[in-house]
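Chain Y is fixed; fit chains S and D onto it per the hints.
Residue numbers (numbering that gives the first Met the number 0), protein chains in the order written: chain Y, 0 to 146; chain S, 0 to 146; chain D, 0 to 146.
If you are wondering where the hints come from, they were derived from the structure by calculation, not from laboratory data. Be aware that a few hints might be false.
Identical copies go unnamed one by one, so any copy, or any two together, can satisfy a pair.
Restricting the straight-line Cα-Cα distance to at most 27 Å, the calculated cross-link-like pairs of lysine-lysine (DSSO-like) are [as the list claims (entries may be wrong)]:
| # | residue 1 | residue 2 |
| --- | --- | --- |
| 1 | 68 | 10 |
| 2 | 23 | 8 |
| 3 | 34 | 68 |
| 4 | 23 | 10 |
| 5 | 8 | 27 |
| 6 | 26 | 10 |
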Amino acid sequence: MKIVNHVIKLKTTATLDFIDITEKVQKKVKDAGIKNGVINIQSLHTTMAVIVNEAEPLLIADMQVLLEKLAPQTYEYMHDNFEIRTVNMCNGECANGHAHNKSIHLPTSTMLNVLKSKLQLGRWQRVFAVELDRSRPREIALQIIGE
Amino acid sequence: MKIVNHVIKLKTTATLDFIDITEKVQKKVKDAGIKNGVINIQSLHTTMAVIVNEAEPLLIADMQVLLEKLAPQTYEYMHDNFEIRTVNMCNGECANGHAHNKSIHLPTSTMLNVLKSKLQLGRWQRVFAVELDRSRPREIALQIIGE
Amino acid sequence: MKIVNHVIKLKTTATLDFIDITEKVQKKVKDAGIKNGVINIQSLHTTMAVIVNEAEPLLIADMQVLLEKLAPQTYEYMHDNFEIRTVNMCNGECANGHAHNKSIHLPTSTMLNVLKSKLQLGRWQRVFAVELDRSRPREIALQIIGE
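Next comes chain Y alone, as it looks inside the complex (with noise of 0.2 Å):
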């Protein structure tokens, strides 16, 4: 058995951001010599998913819509009530609750097949970085387990 870990560097642009990182991901898998297994596709972040859907982009527009209907900016989140707020205040903290509101609705980490060398994946299927909060630096750790 062999087990390889690597963590994939992001910079997203803005809220909502979804950015395709299938093909890095199977250069992973690749390089890391597994035929069969499995990888955890896993953030390391509480505002950013990994989530598996189509590479359209009005899709992503239309699923950009729903993520804002479902846990609006808007909203007064008490999570950002500094006034009240004692835990995990840091400095320059930023309102974000809508952010981890929206990841209420999306995983933290994806686990896909691997086999023959690649992601079992179907024809429409690709791997999305989602960012819920503002433009950051990300990072998604990769646990790819076979032989």
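Just chains S and D, lined up with the frame of chain Y:
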């Protein structure tokens, strides 16, 4: 270590069809000859999800109502505007923006523990493939990994 | 390769209880003697989820509000209509349609990477078992697999 891959083929009958695949998955776990490990149950489609819930028909009807409310078929998705869309257009392209947007709420794959050659499930837990689009042939890929 | 299974037993206190199980899971990873691999953290219940988010009390309050809004206790679920329901009826059956419908939005299991004998978590990431029903004894099954 042993790794076994298998594809379950299904034919769904309508949108929001919940197909209980627990017995089919259970059988493959047994046939794989893997005592302890994990199984990744992965949809190979962007408009089919794999979830765990209770197999109670009225509950399934409730969840169908909820999913329809979250991303209604009546909403005008940009993904379905074939006058402006240019990406991933096929012959006989059908409007299925609602299906993709429902899929945001549901996982592409579900990982379950395998213990003593069986799925480690709680009393009411059953595995469902959920059709989010229309009646179609579908594939669920299993990767069982363990010893 | 090594595989270690363990069940964490919990007692929840109320609906939408968020129980931070990070330290308990971390300890089991350490005790398992597995350096690198993955861990599947799986609820054994259809009305309890396992998620990753930030342990900030006001944020948890926000997420409780959101989940209640998505599948309110006040809505009349068919699953709770005991005059027509015949399947999976137990003595003292309680109305918990809202809990199942909340669970649609949350994962049954969460897979995390294990690196250097620890969970590979980002700065703010904590693991929560989320009670969607009422106060009950609960079980979370861990499967740790690696070397």
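So, going through the hints one by one against the coordinates:
no.	hint	verdict
1	68 - 10	within (25 Å within a copy, 33 Å between copies)
2	23 - 8	within (10 Å within a copy, 29 Å between copies)
3	34 - 68	neither (41 Å within a copy, 42 Å between copies)
4	23 - 10	within (14 Å within a copy, 33 Å between copies)
5	8 - 27	within (13 Å within a copy, 29 Å between copies)
6	26 - 10	within (19 Å within a copy, 33 Å between copies)
Of the hints listed earlier, the one the structure fails to meet is number 3.
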